[in-house]
Amino acid sequence: MTTITPEPMDQDGEQLLVPHGEVVEGAQPVEAPQNMEVDGEAEVVSTAENQVEIETQATRFTWTIEHFSRRNVKKLFSDVFAAGPYKWRVLVFPQGNNADYLSMYLDVADHATLPPNWGRFAHFSLAVVNQMHSRFTVKKDAQHQFHSKESDWGFTSFMPLSELYDTSRGYLVNDTCVIEAEVAVRRMAEYWSYDSKKETGYVGLKNQGATCYMNSLLQTLYHIPYFRKAVYHMPTTENDMPSSSIPLALQRLFYKLQYNETSVSTKELTRSFGWDTYDSFMQHDVQELNRVLCEKLEDKMKGTVVEGTIQKLFEGHNMNYIECINVDFKSTRKESFYDLQLDVKGCKDVYASFDKYVEVERLEGDNRYHAEQHNLQDASKGVLFTDFPPVLELQLKRFEYDYIRDTMVKINDRYEFPLELDLDRDGGKYLSPDADKSVRNLYTLHSVLVHSGGISGGHYYAFIRPTLSDQWFKFDDERVTKEDLRRALEEQYGGEEELPQTTPGYNNTPIKFTKYSNAYMLVYIRVSDKEKIVCDVNEKDIAEHLRIRLKKEKEEKETKKRYNAEAHLYTILKVARDADLVQQIGKDLYFDLIDHEKVHSFRVQKQMPFNVFKEEVAKELGIPVQYQRFWIWAKRQNQTYRPNRPLRPEEEMLAVGNLKESSHKAASAELKLFLEIELGPNLNPLPLPEKTKDVILLFFKLYDPEKSELRFVGRSFVKISSRVSEIIPKLRELAGFSPDEEIQLYEEIKFEPNLMCERLEKSVSFRFCHIEDGDIVCFQKILQPHVAEKCQFPDVPSFFEYVKNRQIVRFRSLDRPKEDDFCLELSKSHTYDDVVERVAYQLCLEDPSKIRLTSHNCYSQQPKPHPVKYQVPDQLLDMLVHHNQMSDILYYEVLDIPLPQLQCLKTLKIVFLRSPKEEPVIHNIRLPKHSTVGDVLTELKTKVESSHPDAELRLLEVFVHKIYKVFPLSERIENINDQYWTVRAEEIPEEEKNFGPQDRLIHVYHFNKDTNLMQVQHFGDPFFLKIHVDETVASVKSRIQRKLQVSDDEFSKWSIAFLSLGRIEYLEDTEIVSNRFQRKDVYGAWEQYLGLEHPDTTSKRSFTNQNHHAYERPVKIYN
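Just so we're aligned, residue 22 is where the sequence shown starts under the working numbering, counting upward by one.
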């Protein structure tokens, strides 16, 4: 069911999102698009400011999806709906687009039929409606310029699947999911013609996919001139490569930001970090990158003229103290900092955060301080600052872990920050007694880094005052715009904003919405250091080799630009000669004759007659025109490329642009030729032999089986009617063989997709063998049997087979997936056993069967999540190919048992819970795959200590602190997934073994409520409880208290409730519990349960499979 409603557009916070892309195997970045060209320099900017809006139209679309959890498909498309003059649809991945999140995108429905240059700009929002409490609806907003390469855009990590499929949360009701889309179409004027350099004097940085967080930081650091000058002064040489030198890559980036006319790519810099494509599509935390990058630069600056620059700019010091109240004792510890993390929650502004930072904590009662010889004492604990740095970086704690909801959340509260920050206020209350009071700690705001979006994704940009003047600029990836003070400060405070009245004159309640765009990092510069920090940086600060190198690159770029602009006027003629064949065959290539990219090229005007071109060749190559004969190449049906025929006299009268290859129907921008010349003994040109229809031109390759070497030895004309044997004397002469040497001849026919190299019968004619102009004859000595046995490849076909299949493979330890350990030359036809045998030899291991291999994911540049199954791939080639891409990387690991044996086993991670007060213990149980749950429990009994010898165990499936299943003893373990679910083992309580006819077994879960969101949050270890037919709540509470071993004082604070589909009903002590539960078996019926409401005091355990927040993967700079 779908409904469409036009409505005014909601001006909510913008977010950078991604095209959905096709999922590939393995862990992929959340922005892993198929349609986005990873190596492309251009990026569609998702910002629409400073443009003229020609038209605005908005539509709301509702999509009701029934039987949602039973949709056994990878992706779902909604019905097509119209917004403005365009057709749209919503694309959903019910099980996530390679993520544990619902993935959802807006798609241009008719993109396949639109012209190539189509484009449309839209503001849109996507939402999953909460059908119980509408205010808990998950909604995300975006804006994007849709075009042919990005016809869909949206959120890979829209919301956790665990929340979506938790029926108590209200997103799935009766297995129905309701999705809403709001689309406002805007046609923009002058969007693509905007020139940042012309309008602002500054250029932006290109986004590689999800590097907006890095771009905002780099722009901030670049616009601290003292920092930029220090980077320029880091020693680099003309022999350094930017891909492996962070200082050089950063120097080049800063130089281009200073002198380029257009936006700058960051790919050189990220390559110098050791990042691959996966890293560029993984969004990280600005603060984390700032710390890692500055630490790396600080290390690179050691021993240079700029050593200590990072400390001089960013390092401050504070003093942690503990001072006893009743005795004369004080402990202090001085620490340094490069940035300060300030609380946002509960603080109205920066000053409130500093007040909280230096707030004094009283240590008393059970928390008294042990003051050495004074023993336990009441004390005051706090921190004060001894000095602040010239450049003060304040990280605002917009992201926090919510212990009640057991997840990361973003704090969008209003938080103000001043243009001038006085840290000497109130008599220097932030300063320690020994601070230097002569330094005036008055700061002026330099930059505001903004995060727009939520915890699972968003966009970063920066507002910067490069010269600390009144003019602010917004640096949003490639786009730089002028902004005023209000945009840079007040609009980045966060909080709520009221929508304008839609019907003026009526007393409507104002509609408020949360502003998801807010300041995340602030950079202040001390006023007294302003002249030193904001200094002049000019070409004199840049190393001469860098200036020369970059100017040369710029000139080459301009030359290439002019070259491309004039390309339609010219033809490229690539001329191959005998010398090229000698140079390449047996070294750079083995099949066919030539790599045309490595031969002499001529760029000539298309109007030039070919005869005139021959004169150019005579001048450049020193070959008189009369001794030149040019052959046209042709691509044959078997995909080989051979000289086909000589140019006819009438063709040589034509303009170069009118010539075409035999296999082409029209002239192209490139023409490939073979130049036939005859050289005498003194290498002087000789007259060319006559070419008639009854003679053909053959090329000859000589193979030496004893050395496994192939080389080009010459060419010759032969009569097509002559026998193959008649050419043998000529071949002996070319090879330097004796006149009586026996030789064998082969025709090289093709090499793709399958190799064909067939033996030539000497007694028949060339015509009988279907030999023609341009064919290749390979020949070799006929070996004696005892000599042939010693040769690895005794004949031409076996050598060609080896060359076609050989593959250099880089092996990496699975524990160190970024580092090559060793390389091996293997054959693509090698079996799994062949490969591991070679690896074992390399590693000096006796048993190759203990080596397990894992293939490489070409998209994420990471190991695939699952290892290669033993003997499943027929050949090495199957292990290296990934989605039609060829890799040269394999990962290895050494096992404790042979792989064939391991593959017959299943390893289950079992969490054993003995009692509520004991920490759970993880056991890895390894059994044959056909084993049952009963076998697992039998094995587990040998590893755990039971309460009594006759204790029985059971196995449960637990997810998000709920029991979803009790495994039958007969269930085979190969079907159990312990990666996504927690598999828990426990003793079956004695009371559950004796059931009366009216007894029930119910689920009992721990929970609390988020008072703001009014949502149920589960925690702790769920369990079963047997209840009797007339048992009261008071009786059940008493048994639960004993079972969980909770003290009277603590248990008195607990409440007991009945929960059904998320609704809470608190129970009175006199109520009969069984009346609340339906009369049916409740194994697996997690929708109805008894809830224990109390604060969560449990420790967060590493074995639980919780949802991770957006910044799970740490930032690493490898070089």
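If you are wondering where the hints come from, they were derived from the structure by calculation, not from laboratory data. For clarity, every value in this text was computed on a predicted model and none was experimentally measured. A portion of the hints provided could be inaccurate.
Unchecked claim - Derived lysine-lysine pairs resembling DSSO-like cross-links, with alpha carbons at most 30 Å apart:
(1) Lys551 <-> Lys369
(2) Lys938 <-> Lys950
(3) Lys656 <-> Lys608
(4) Lys160 <-> Lys1047
(5) Lys317 <-> Lys369
(6) Lys288 <-> Lys377
(7) Lys802 <-> Lys839
(8) Lys890 <-> Lys938
(9) Lys553 <-> Lys581
(10) Lys983 <-> Lys1014
(11) Lys572 <-> Lys582
(12) Lys553 <-> Lys458
(13) Lys681 <-> Lys728
(14) Lys1074 <-> Lys366
(15) Lys553 <-> Lys656
(16) Lys377 <-> Lys333
(17) Lys288 <-> Lys351
(18) Lys964 <-> Lys938
Lys681 paired with Lys728 [C-alpha distance capped at 30 Å]: violated, 41 Å
Holds or violated: are the alpha carbons of Lys160 and Lys1047 at most 30 Å from each other? It is violated: about 41 Å lies between the C-alpha atoms, which goes past 30 Å.
Does Lys369 sit within 30 Å of Lys317, going by the straight-line distance between their CA atoms? The given pair, whose Cα atoms are some 35 Å apart, is violated under the 30 Å limit.
Is Lys553 close enough to Lys581, meaning Cα to Cα at most 30 Å? Measuring from Cα to Cα gives roughly 41 Å; hence the hint is violated.
Assess, step by step, whether the Cα of Lys964 is no farther than 30 Å from the Cα of Lys938, and give holds or violated. Since the Cα atoms of Lys964 and Lys938 sit roughly 20 Å apart, the hinted pair holds (cutoff 30 Å).
CA of Lys983 to CA of Lys1014, is that 30 Å or under? holds, 22 Å
Within a Cα-Cα threshold of 30 Å, do Lys572 and Lys582 meet the stated pairing? holds, 15 Å
Between the alpha carbons of Lys551 and Lys369, is the straight-line distance 30 Å or under? holds, 28 Å
Given pair status - Lys377, Lys288, alpha carbons within 30 Å: Answer violated: Lys288 to Lys377 is near 41 Å, above 30 Å.
With a cut-off of 30 Å on the C-alpha distance, tell me whether Lys802 and Lys839 pass. violated, 47 Å
Is Lys553 close enough to Lys458, meaning Cα to Cα at most 30 Å? holds, 20 Å
30 Å limit on alpha-carbon distance, applied to hinted pair Lys938 and Lys950: violated, 34 Å
Hints 2, 4, 5, 6, 7, 8, 9, 13, 15, 17, counting from the list given before, are not met by this structure.
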